[in-house]
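For chain A, the structure is supplied; the task is to place chain L on it using the hints.
Now for the letters of each chain:
There are 2 protein chains.
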Amino acid sequence: MTAPQDNPQPKLGIIAGGGALPARLASAAQTAGRAVFVIKLDGHADDPALDEYPNVSTRLGAAAKILDAMRANECRDVVLAGKVARPSFSAIRPDWRAAKLFMKVGMKALGDDGLLRLVGEELEREGFRLVGAHDILTDLAVSEGVLGAIAPDDQAISDARRGLSVARILGQADVGQGCVVQQGLVLALEAIEGTDEMVRRSAKYRREGVGGVLVKASKPQQDKRLDLPAIGLTTIEEAHLAGLRGIALLAGGTMIIDRAAVIARADALGIFVLGLGDEDGETNHGV
Amino acid sequence: MTAPQDNPQPKLGIIAGGGALPARLASAAQTAGRAVFVIKLDGHADDPALDEYPNVSTRLGAAAKILDAMRANECRDVVLAGKVARPSFSAIRPDWRAAKLFMKVGMKALGDDGLLRLVGEELEREGFRLVGAHDILTDLAVSEGVLGAIAPDDQAISDARRGLSVARILGQADVGQGCVVQQGLVLALEAIEGTDEMVRRSAKYRREGVGGVLVKASKPQQDKRLDLPAIGLTTIEEAHLAGLRGIALLAGGTMIIDRAAVIARADALGIFVLGLGDEDGETNHGV
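One line per chain: the protein sequences are A and L, in this order.
Residue numbers for the first sequence follow this note's numbering, so the first one is 118 and each next one is one higher.
Residue numbers for the second sequence follow this note's numbering, so the first one is 118 and each next one is one higher.
Treat the hints with care, since some could be wrong.
Simulated pairs of lysine-lysine, DSSO-like, Cα-Cα distance not exceeding 30 Å [stated by the list, open to error]:
(1) L/K341 x L/K182
(2) A/K321 x L/K128
(3) A/K200 x L/K321
(4) A/K128 x A/K321
(5) A/K321 x A/K217
(6) L/K321 x A/K321
No lab work stands behind these hints: they were computed from the structure.
So here's chain A without its partners, still in its complex pose:
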């Protein structure tokens, strides 16, 4: 359906994990008159909408196949999007190309988001241009301030700031990206279980009747073109079920997928969504 243009943007390769984001990107790129080619990662990409676009399926470890497919389809730009549950080494089943890469960086590459960073660097070395999901879907990025109709009170703002500090400190260690804070107390920290499960767990430790805030932030050293922490409708529902009062997101370092629907649902459930600046965290931890 793409109309020819005078100065068409280069074709976009989408390396797709789970959730709705990859297909949203494909749709937005096509609407903007840009051709796309989707690489569906086996066991991760789960959105049937992806099949509306030219695509191929491959396992994560088939590096040579991914690179070949992108070249054969003349992708110059590439975006990595969607959830990729951290795989075990055996589940990756690296081909010779991927194995070479692992040998170079060691097993540490498998730690947390090291794997993603590695894939991004390797794509650039291979001559592709890595772009961020928020470069294509500009309303993904979180801005500062109260994003919906519900405003946080002073306690919630204080919890949000404490959570931002904790999440950023965690990020320095290349671990997790989220936490739940209630009245200054950190109820749960996110490692690899994912945000939804952490939020569910926090409900068990929440004090009766006094809120709690989910905080998400990117890691200080995170390449913003790679998979930024994201929230979506599910996050709002889980926060509601856990009795939380709101969600605080690092502005410029997190994404909201399906923003209008997310904010509308948060408003309906009485949950605030707050964008925090990087300087909004606590500065002193008594160290």
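Using the frame of chain A, we list chain L on its own:
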């Protein structure tokens, strides 16, 4: 049963939370010829052995009662020991004395181990001498090196170091004291759920057949006379059930309760117990 001595040590007040440690301290102090008086915290102190010693029960928030009881029983030294699940403000039910303290420091005092630090400081202001559990039971302290018969392999040592760094960074933010690491990947981070539940959770994210290490450390700014992170027999059993290969502990910053039994059980289950020096953590997190 205490025999009179030429130079008796001052009576020891034991403010007792849950678990076996408080009664062990009482027993060790009495064996050393020292009189003890136990303050059992309602809802926390759960060891029936405590009733063998002169004692009184009180809720945590009854600060005036605790201070009066210690004075009336002529305690000069005081040790805080045992698990105190972080209480809600309403569960503390502060008396006027405790409320005054909270007003002074604000709700932040309820965050993480701030409450404990506060209690320790206040006891010293009131003229008591705060002593550490490891000052009384000297075999509680963890020393460096392999503590049992099982030695960690290179991967386990690397995981232990990564975990120590992560735990210490967490500690800077006054959160948690433990994590589980497998092949460089942090499977779980401890917030307020406690070590046992964190270890159980980590089993869900552990890769098939390749170990994992539980790491415990004190916070860098932690007053070593206050409740240091501790492991006991339960920790060994939980680590075994979760399929972990071993436990790494910050030397001088953690305790082993019932050391001989703990090491014997770890040996029997093939689990290593390793004391790590403070400098053994990773130094670079790529920040």
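Status of each hint after checking the structure:
Distance restraint check for L/K341 and L/K182: the Cα-Cα separation of roughly 26 Å lies within the 30 Å cut-off, and the hinted pair is therefore satisfied. Using a Cα cut-off of 30 Å, the hinted pair A/K321 and L/K128 is violated, with the two alpha carbons roughly 40 Å apart. For a cut-off of 30 Å, the pair hint linking A/K200 to L/K321 stands: about 18 Å separates their Cα positions. Pair hint A/K128 plus A/K321 does not hold up; C-alpha atoms about 48 Å apart against a cutoff of 30 Å.
Simply put, A/K321 and A/K217 have alpha-carbon atoms about 45 Å apart, too far for the 30 Å limit, and the pair is violated. Distance hint between L/K321 and A/K321 is fulfilled; the C-alpha atoms sit about 18 Å from each other, no more than 30 Å.
Violated hints, listed in ascending order, are 2, 4 and 5; each of the other numbered hints is respected by the structure.
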